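We have chain A already, so just place chain B on it with the hints.
Residue numbers (this note's numbering), protein chains in the order written: chain A, 1 to 379; chain B, 380 to 503.
The set of hints was computed from the structure by calculation and includes no laboratory data. Owing to the predicted nature of the structure, the values given are computational and were not obtained by experimental measurement. Hints are supplied without guarantee of correctness; some may be wrong.
Where chain A lies over chain B, by a calculated footprint (3+ residues, C-beta under 8 angstroms) [stated by the list, open to error]:
hint, stretch
1, 410-418
2, 469-479
Sample of chain A residues at the chain B side, in silico, Cβ under 7 angstroms [as the list claims (entries may be wrong)]:
hint, residue
3, 38
4, 39
5, 40
6, 143
7, 234
8, 305
9, 328
Don't be surprised by glycine CBs; every beta carbon is placed ideally from N, CA and C.
Single-letter residue listing:
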Amino acid sequence: MGTAPDTLLKTPLHGLHKELGGKLVPFAGYDMPVQFGGILAEHNHCRSSAGLFDVSHMGQAFLIGPDHETTAAALEALVPGDIKGLAPGAMRYTLLLNEGGGILDDLMVTRAGSADYDGWIFLVVNAACKDADFAHIAKHLPKGIELDIATSKALIALQGPKAVDVISRHAPEAAKLVFMTGKRMTVAGIEGCIVTRSGYTGEDGVEISVPADKADKLARLLMAEPEVAPIGLGARDSLRLEAGLCLYGHDIDETTTPVEAALIWAVSKSRRELAGFPGSAKIVEQIANGVARKRVGILPNGRAPAREGTSVLDLDGNKIGTITSGGFGPTVGGPVAMGYVATAFAKIGTEVGLDVRGKIHPARIAKMPFAPHNYVKEL
Amino acid sequence: MSKYFTEDHEWADVTDGVATIGITAYAAEQLGDVVYVELPDVGKSFKAKDEVATVESVKAASEIYAPLSGEIVAMNEALAENPALVNESPEGDGWFFKLKLSDETETAPLMDEAAYKTFVAGLE
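This is chain A alone, in the form it adopts within the complex (with noise of 0.2 angstroms):
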């Protein structure tokens, strides 16, 4: 197959995708592993061991202000979650939101653990949208906060049962997080990283922001460990699917609420009252009254996978959504999907119908996550 052009990206763990034998595809303007050993073992190695994944395509940025009540307001203007109830260290998982309460990017929002770092706020957002994301959020800071790009930053992605065990004989002091908190550590004898119980796969784990010209030191001290394998971006889709959580761009998206998107939880009731977020009197007003479709678990019956795209149709053959994830769950062992359907029939159970090439394939609304949150919660 092709090489990469030119024009593409490259992160700075680029060399070890190719020695590791990845076969690279472009992705959010970077060239990206997309497997390795092949989807099914890498995704499956991640849920009984440890895998490891290049995320360093993704945006990292701080926001930085005088204290942490005044770099939090600034935020909470563009999202719907509660940033100044976070406590130090502590993790959250929001939305930028359009005027119209549509969804310009999910991202995860982490308050610095050290009070030498007071009023500094760590973001992670999606590749694809890192630009866009960055130049919304400068445009609407008010004086005397920044926003510090993080461009010399990698980042990559340990999950899976022993992915906390692998990173503690690097750096003991990760052992000692619960899911969705971090804290600035030297990993590895590596100053200035930042690790976060947190991940996009379902299973406990670890994300390590880590200065750029020593990631493919830490990559390959990782990899040297046993337990630890790489994993590619096939996988990582596999992985997220089961989990029940959103891919950007397809799940969810400008034309999106939270409400619609089933993420009411990303918006923190503390916020709803005082509606000081974008879009927030459509979306209280759309908690309150409900709203025309939602996202909702679908899981076929057959064993033919319903991809993106695949109309869901009720027991008389009518349109009533359209699938927006979907393909073989490794875990569950069988084909899995997410997907918008009117809400009259997002009820768990629904029998509904996909129109997989001309053919109806029974399917059912399902309970997500597909495969159960394998999350660490308290120690």
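Relative to chain A, chain B alone:
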């Protein structure tokens, strides 16, 4: 018995006017783990280059084209339970269907094994 290959990476093994058809080892390798194969019903007729089946890997769905014209006389029932046969034995137990050929002269433009090998080498 003669074995033919297409540029779409299908093989056709022709014996007594019936072709057993599947995808090549190269195609199976490129697709990755196969999780589902949608096969045509026995009795249906297809012209060469018609879409005749779909193979789904973990990654994506790919169309399979009929390399020759004819009528489906058998399909590989084992693939329903074990689609991984396509990866394990693409040119053996992982066959897709059998086609009763309507015109055996259609094999003329297809490649033989040596020509296909050269063709694949040129892709890499």
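Taking the hints in turn, this is what the structure says about them:
| no. | hint | in the structure |
| --- | --- | --- |
| 1 | 410-418 | holds (count 5) |
| 2 | 469-479 | violated (count 0) |
| 3 | 38 | holds (6 angstroms) |
| 4 | 39 | holds (4 angstroms) |
| 5 | 40 | holds (4 angstroms) |
| 6 | 143 | violated (48 angstroms) |
| 7 | 234 | holds (6 angstroms) |
| 8 | 305 | holds (5 angstroms) |
| 9 | 328 | holds (4 angstroms) |
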